[in-house]
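Undergrad: Now for the letters of each chain:
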Amino acid sequence: MISARAYGDNGKMKEYHYTGPVEHKFSPYAFNGGTVLAVAGEDFALVASDTRLSEGYSIHSRDSPKCYKLTDTTVIGCSGFHGDCLTLTKIIEARLKMYKHSNNKSMTSGAIAAMLSTILYGKRFFPYYVYNIIGGLDEEGRGAVYSFDPVGSYQRDTYKAGGSASAMLQPLLDNQIGFKNMENVEQLPLTLEKAVQLVKDVFISAAERDVYTGDALKICIITKEGIREEIVPLRKD
Amino acid sequence: IMATVSVCQYHRGGFSFENCKRNALLEADINKLGFSSPAARKTGTTICGVVYKDGVVLGADTRATEGMVVADKNCSKIHYISPNVYCCGAGTAADTEMTTQIISSNLELHSLSTGRLPRVATANRMLKQMLFRYQGYIGAALVLGGVDSTGPQLYSIYPHGSTDKLPYVTMGSGSLAAMAVFEDRYRPNMEEEEAKRLVRDAIAAGIFNDLGSGSNIDLCVITKGKVDYLRPHDVANKKGVRTGNYRYKHGTTDDTTHHTLTCFFPL
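Listed in order, the protein sequences are those of chains A and B. Mapped onto the numbering used here, the consecutive letters of the first sequence carry residue numbers 98 to 334. Mapped onto the numbering used here, the consecutive letters of the second sequence carry residue numbers 5 to 271.
So here's chain A without its partners, still in its complex pose (with noise of 0.2 Å):
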């Protein structure tokens, strides 16, 4: 079959050798799918994601979260590839553990989050294939979210989106949190029912169009008084 690797970068046909057998590449990594998405209020964060682990055109698990819970006031969400999920969140549970046991006190959000940045990068040449989004309170007690790239560069955010449906939801988030791109419209700060029936909303619009996300939505809310988890029916198509 004629294909564009048959051609050069100057347009003529490439001379065609045998070259030998082909050795087919092992990858170490997959994809594994999944959405998650953090909010951060006045004295409240919010965690969500689906539960869908897919591979291919595959489900493997419609019950696979992607929050983790890490202390009290702190919850990351991790997706992209399973395998490096489930390292990287128990390296952070052991090195939480570490902490508490040297310095006799949890580690805050803002500590936390500055730790994944530099495990993180410890692996710039081989990294971990995970998008991470930290939520939980800061030592006022306020809300806050952290979103990481997959090599560590990191920043405290509002809000934010981030696996297989992050670009359909960003813009969502954009303009209902954000107030961004709408004229004459009274900014309200946001409360935890809204809040919690706006990532309803957009998690049922991102099941409709992305195919890796679907059967069940997870939210875990972070107040002063502890972490509560709702689980929310989605599409299973």
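One thing to keep in mind: the hints can contain errors.
Unchecked claim - If you want the footprint, here are the derived chain A segments under chain B, 3+ residues with CB under 8 Å:
1. 292–300
2. 307–314
Stated by the list, open to error - Only pairs whose alpha carbons sit at most 20 Å apart, straight line, appear in this in silico SDA-like list of lysine to any residue:
3. Lys-242/B - Asp-298/A
4. Lys-253/B - Asp-271/A
5. Lys-242/B - Val-73/B
6. Lys-187/A - Asp-169/A
7. Lys-253/B - Ile-274/A
8. Lys-315/A - His-157/A
9. Lys-166/A - Lys-202/A
10. Lys-291/A - Arg-251/B
11. Lys-315/A - Thr-247/B
12. Lys-315/A - Val-245/B
13. Lys-333/A - Arg-246/B
14. Lys-333/A - Val-239/B
15. Lys-333/A - Asn-78/B
16. Lys-333/A - Asp-205/B
17. Lys-243/B - Ser-302/A
18. Lys-297/A - Tyr-250/B
19. Lys-220/A - Leu-183/A
20. Lys-242/B - Ile-328/A
21. Lys-315/A - Gly-248/B
22. Lys-243/B - Val-293/A
23. Lys-315/A - Gly-244/B
24. Lys-166/A - Glu-326/A
25. Lys-253/B - Asn-278/A
26. Lys-333/A - Lys-242/B
27. Lys-243/B - Glu-305/A
28. Lys-242/B - Arg-159/A
29. Lys-333/A - Ser-161/A
30. Lys-333/A - Val-73/B
31. Lys-230/B - Arg-120/B
32. Lys-253/B - Pro-286/A
33. Lys-333/A - Ser-158/A
34. Lys-291/A - Gly-244/B
35. Lys-242/B - Gln-294/A
36. Lys-230/B - Glu-112/B
37. Lys-202/A - Glu-237/A
38. Lys-202/A - Arg-192/A
39. Lys-253/B - Leu-285/A
40. Lys-242/B - Val-74/B
It should be emphasised that the hints constitute simulated quantities derived from the structure, not laboratory data. Just so it is clear, CB atoms sit at the ideal spot from N, CA and C, and this is done for glycine as well.
For this one, chain A is given, so just place chain B on it according to the hints.
TA: Relative to the frame of chain A, chain B by itself:
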């Protein structure tokens, strides 16, 4: 340079590969800039068919994907070929649509010439000869079914032009899920309700277990003298109900600067 008008040369069948070199250069240029050229939309898909006592039942899902994003949540994959012959299509959406329309048109002319109702074998022969001529470049994988004077028939047709005449067939990315259901529950000479249930369950297996298939189940029941085109036969997935209201009030997309131009149009 203005395009010169030249005499059209008769293309002797198949594709013309004149533009391949130019396309390769363009693709390299685009990739250098960091973009990728658009890909043809594929249907993902689960399609299947079964022969039962009085005729054939064809089934299909309704999701069309562009990469891993759903492009159409309710597209129709069961195409009309003739009053007694219908065809499900998987693969490149444009190819299945155009191929079935071309053969449908030619079959109608043929039917007028013979003065008889078209036969399924004729449609099969026309489709396979066209697909073979294009050497697999037309990415259409079809499930062709119908009832004619010879009886009910079912064919599966592959993009390179090979065909199989079988009592039950599945095609598309969800074909393995659907075939698993068929291999478990198919038996010869089923009743209509049982056949419809079997096809519905096979497509449902594709919809729920294959990421390339989804939304609703369409069915087409073809018997001698009657066609039941059931679209949708089963709405297997409903959109979640949103609790919030996202309507914008008037003035939300306000224009902040005003430019008025007076244009004079002499009539």
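Undergrad: State for each hint whether it applies.
TA: Status of each hint after checking the structure:
Only residues whose C-beta sits within less than 8 Å of a C-beta in chain B count toward coverage, and the region 292–300 of chain A has 4 of them, enough to reach three; the restraint holds. Counting residues of the region 307–314 of chain A whose C-beta sits closer than 8 Å to any C-beta of chain B gives 3, which meets the bar of three, so the coverage hint holds. Taken as a hint, the Lys-242/B and Asp-298/A pair is honoured in the structure, with Cα atoms around 14 Å apart against an allowance of 20 Å. With a CA separation close to 18 Å, the supplied pair Lys-253/B and Asp-271/A stays within the 20 Å bound.
Only pairs whose Cα atoms come within 20 Å are accepted, and Lys-242/B paired with Val-73/B is accepted, the gap being roughly 18 Å. Distance restraint check for Lys-187/A and Asp-169/A: the Cα-Cα separation of roughly 17 Å lies within the 20 Å cut-off, and the hinted pair is therefore satisfied. In summary, the hint linking Lys-253/B to Ile-274/A is supported, as the alpha carbons are separated by about 16 Å, within the 20 Å threshold. With a CA separation close to 18 Å, the supplied pair Lys-315/A and His-157/A stays within the 20 Å bound.
Annotation: proposed proximity of Lys-166/A to Lys-202/A holds, straight-line Cα distance about 17 Å (limit 20 Å). Taking the CA atoms of Lys-291/A and Arg-251/B, the gap is near 15 Å; set against the 20 Å cutoff, the hint holds. Restraint check for Lys-315/A and Thr-247/B: the C-alpha separation of about 17 Å stays at or below 20 Å, so the hint holds. For the given pair, Lys-315/A sits about 17 Å from Val-245/B by alpha-carbon distance, which is consistent with the 20 Å threshold.
For the hint linking Lys-333/A to Arg-246/B, the alpha-carbon distance of about 17 Å falls within 20 Å, and the restraint holds. This hinted pair checks out: Lys-333/A and Val-239/B have alpha carbons roughly 13 Å apart, not beyond 20 Å. Note on Lys-333/A and Asn-78/B: the hinted pairing holds, with a Cα-Cα distance of about 16 Å set against a maximum of 20 Å. Straight-line distance between C-alpha atoms of Lys-333/A and Asp-205/B comes to about 15 Å, which keeps the hinted pair within the 20 Å bound.
For a cut-off of 20 Å, the pair hint linking Lys-243/B to Ser-302/A stands: about 8 Å separates their Cα positions. About 13 Å separates the Cα atoms of Lys-297/A and Tyr-250/B, which keeps this hinted pair within 20 Å; it holds. This hinted pair checks out: Lys-220/A and Leu-183/A have alpha carbons roughly 16 Å apart, not beyond 20 Å. Pair hint Lys-242/B plus Ile-328/A holds up; C-alpha atoms about 18 Å apart against a cutoff of 20 Å.
Among the hinted pairs, Lys-315/A with Gly-248/B is consistent with the structure: their alpha-carbon atoms are about 18 Å apart, no more than 20 Å. Between Lys-243/B and Val-293/A the CA atoms are separated by roughly 19 Å; this keeps the pair inside 20 Å, and the hint holds. Our distance criterion of 20 Å between C-alpha atoms is met by Lys-315/A and Gly-244/B, whose separation comes to about 15 Å. A threshold of 20 Å between alpha carbons decides the hint, and for Lys-166/A with Glu-326/A the separation of about 11 Å falls inside it, so the pair holds.
Under the criterion of a C-alpha separation no larger than 20 Å, the hint pairing Lys-253/B with Asn-278/A is consistent with the structure, at around 13 Å. This hinted pair checks out: Lys-333/A and Lys-242/B have alpha carbons roughly 10 Å apart, not beyond 20 Å. A C-alpha spacing of about 7 Å is found between Lys-243/B and Glu-305/A, which places the hinted pair at or below 20 Å, so the restraint holds. The hinted pair formed by Lys-242/B and Arg-159/A meets the criterion: a straight-line CA distance of about 18 Å does not exceed 20 Å.
A distance of roughly 14 Å separates the Cα atoms of Lys-333/A and Ser-161/A; the hinted pair therefore holds under the 20 Å criterion. Of the supplied pair hints, the one linking Lys-333/A and Val-73/B holds, its CA atoms being roughly 15 Å apart against a limit of 20 Å. Annotation: proposed proximity of Lys-230/B to Arg-120/B holds, straight-line Cα distance about 17 Å (limit 20 Å). For the hint pairing Lys-253/B with Pro-286/A, the CA-to-CA distance comes to about 19 Å; that is within 20 Å, so the pair holds.
For a cut-off of 20 Å, the pair hint linking Lys-333/A to Ser-158/A stands: about 11 Å separates their Cα positions. Proximity of Lys-291/A to Gly-244/B is assessed by CA-CA distance (about 17 Å); at most 20 Å being required, the pair is judged to hold. A C-alpha spacing of about 19 Å is found between Lys-242/B and Gln-294/A, which places the hinted pair at or below 20 Å, so the restraint holds. The hinted pair formed by Lys-230/B and Glu-112/B meets the criterion: a straight-line CA distance of about 18 Å does not exceed 20 Å.
Restraint check for Lys-202/A and Glu-237/A: satisfied, since their Cα atoms lie roughly 16 Å apart, inside the 20 Å limit. About 13 Å separates the Cα atoms of Lys-202/A and Arg-192/A, which keeps this hinted pair within 20 Å; it holds. For the hint pairing Lys-253/B with Leu-285/A, the CA-to-CA distance comes to about 15 Å; that is within 20 Å, so the pair holds. For the suggested pair Lys-242/B and Val-74/B, the alpha carbons sit about 15 Å apart, so the restraint of at most 20 Å is met.
In summary, this structure violates none of the numbered hints.
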